[in-house]
Each structure stands twice: as structure tokens, then as C-alpha cells.
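Number of protein chains: 2
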Amino acid sequence: MTFDPSTLKYDANGLIPAIAQDHKTGEVLMMAWMNAESLSRTLETGQVTYWSRSRQSFWAKGESSGHVQKLVELRVDCDRDCLLMLVDQIGPACHTNRRSCFYTAVRSGEEVEILVPMAD
Amino acid sequence: MTFDPSTLKYDANGLIPAIAQDHKTGEVLMMAWMNAESLSRTLETGQVTYWSRSRQSFWAKGESSGHVQKLVELRVDCDRDCLLMLVDQIGPACHTNRRSCFYTAVRSGEEVEILVPMAD
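Protein sequences, first through last, are from chains A and B.
Last residue of the first sequence: 120 (UniProt numbering), numbering continuous.
Last residue of the second sequence: 120 (UniProt numbering), numbering continuous.
Only chain A is shown next, with the shape it has when bound in the complex (with noise of 0.2 Å):
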């Protein structure tokens, strides 16, 4: 079946959470939200481009750092409300400069921090 992007199920604002995962090992590396145009946009272009809730406007990543996400394989979940996308990201994923946005861990009931910040 071809895939269209307007058989997913988007929510009131338009929007479906897209977790990106590092296609080589595993790490998962960001949740960010598209639009049924931003998906449109990553699958032509092969680089992620999500939508920015706090600016209203897409957000092709890396745009500006470089950092960008390059698309190796999309995937649709079984209830087609959330995307899965294996990617080859260059850099950091997370704007604090850490390769995930996921670098806090909680353990024996305190939050710690498991990645610092890579080098430029």
C-alpha cells in the first residue's frame, strides 16, 4: 500500500509525535512534532524537518548548527498516531549540545546526568 500522510491520525492541533532513533545504535535521541506537511517535506527532501509548537513555523533540524537528521526509515506505529524514524544524525541531536535530548536518568529516586555535552 502506498503510504500518505493523510492517513495518519494527527491531534486537534494538527500534530503527531515523531521520535527519532539513531539508526546504528539504538539511542534514542529526540521526540518532536510534525504536521502532515512537515512529514511530506522530510520524506522529499530525506532530512527531517518537524514543527515547532513554540514558533509556529517548521523546523527543518539542523538548519542553523548543522546538526542535521537524515532519514533512513520511517515507521508507523499499529494505532498510526505516532512516527518512528531511524536516522544517520550528525552531531548533537539536543540543542544543549548533547547527542540525546534524553540525558537525564533517574536513579534510586535522584535525577543524574548520564551524557555531557560533546565537543565542538
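I should point out that these hints are in silico values taken from the structure, not numbers from a laboratory.
Please note: incorrect hints may appear among the correct ones.
[Claimed, not checked] In silico lysine to aspartate or glutamate, EDC-like type, Cα no more than 20 Å apart, as pairs: (1) Lys-9(B) with Glu-110(A); (2) Lys-9(A) with Glu-113(B); (3) Lys-9(A) with Glu-110(B); (4) Lys-24(A) with Glu-27(B); (5) Lys-70(B) with Glu-37(A); (6) Lys-70(B) with Glu-44(B); (7) Lys-70(A) with Glu-73(B).
[To be verified] Covered, in the sense of this in silico footprint (three residues per stretch, anywhere, with C-beta under 8 Å from a C-beta of chain A), are these stretches of chain B: (8) 24-34; (9) 53-62; (10) 76-82; (11) 93-104; (12) 107-113.
Each residue gets a CB set at the ideal place from its N, CA and C atoms; glycine is no exception.
Chain A is fixed; fit chain B onto it per the hints.
Just chain B now, with coordinates in the frame of chain A:
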């Protein structure tokens, strides 16, 4: 710093997305939603409890099926508005009996099923 579920950023419905990842293989199994109370229950019991948006009730994963998710480690993202849970998943995570909910890949523009249901 002691972790406090009330310090997370929940959406207008009091929910936060929670990604479940196999702690051994790195496979992303599913994404569902939690409220502060379901997260507290998860931390207290060590078994993942979501909030079911369709049923508007707590959803102790695997309560009826036995396909429980044991929490191995909780992680919080930089914006504190998304959770990553490393879990020990018993059996399939997906209600279709597949190991992961993300069993549909988009390859050359076509939807392809990449996982088959697990044997009982």
C-alpha cells in the same frame, strides 16, 4: 536533585508522552501517555502504568494479558515534556501480539510489515 513527577511539563490534558524501549536490544516498543499519578504508580510498583486516553482510566500495562513492562530506568528529556523508559518487556508490547507497535515501515513509498505476531 530528587525527582518529582510534578516538575514535568504536562499538556493541556495533564499528559506527557512516554516512550518504551527494550533495555537490552534498544528496540523502541511503543509510545503511550502518562499523567503524574500513573508515573508515580510506575515508580512505586516498578511496572509501567499508562493513562488510557480512549478509556480515560489508568492502564497497568499487561494487567490482563500478562505482557507487563518492568521499568529498568526512567529518563527525562531536556524540555521535561517527554519520557523515555528502558523496560523489560514480557512478550509482545503491541495489542496485535507483535513485539513492537512500530511494525510498519515505509520503504520506497510503500507500507511494509516488518514484524509478524509472536507465537503464543
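**Q.** Residues of the region 93-104 of chain B with Cβ under 8 Å from chain A, three needed, outcome
**A.** holds (count 8)
Q. Counting residues of the region 53-62 of chain B that have a beta-carbon nearer than 8 Å to any beta-carbon of chain A, does the count reach 3?
A. It is violated, with 0 qualifying residues against the three required.
Q) Is it true that the CA of Lys-70(B) sits at most 20 Å from the CA of Glu-37(A)? A) violated (37 Å)
Q.
Against the 20 Å threshold, does the CA-CA distance of Lys-70(B) and Glu-44(B) hold or violate the hint?
A. holds (11 Å)
Q.
When I compare C-beta atoms, does the region 24-34 of chain B have three or more residues closer than 8 Å to chain A?
A. holds (count 6)
Q. Can the restraint linking Lys-24(A) and Glu-27(B) be considered satisfied, given a maximum Cα separation of 20 Å?
A. Judged against 20 Å, a Cα distance of about 12 Å means the pair holds.
Q) Within 20 Å, alpha carbon to alpha carbon, are Lys-70(A) and Glu-73(B)? A) violated (28 Å)
Q) Are there at least three residues in the region 76-82 of chain B whose beta carbon sits under 8 Å from a beta carbon of chain A? A) Three-residue rule met by the region 76-82 of chain B, so holds; n is 5.
Q: Take a quick look at whether Lys-9(B) and Glu-110(A) sit within 20 Å of each other, Cα to Cα.
A: Within the cut-off at roughly 18 Å; holds.
Q.
Need the status of pair Lys-9(A), Glu-110(B): alpha-carbon distance at most 20 Å?
A. holds (18 Å)
Q | Outcome, coverage of the region 107-113 of chain B by chain A - at least 3 residues whose beta-carbon is closer than 8 Å to one in that chain | A | holds (count 4)
Q: For the pair supplied as a hint, Lys-9(A) and Glu-113(B), confirm whether the alpha-carbon distance does not exceed 20 Å.
A: Status holds; Cα separation ~19 Å.
The structure does not agree with the numbered hints 5, 7, 9 stated previously, though it agrees with the rest.
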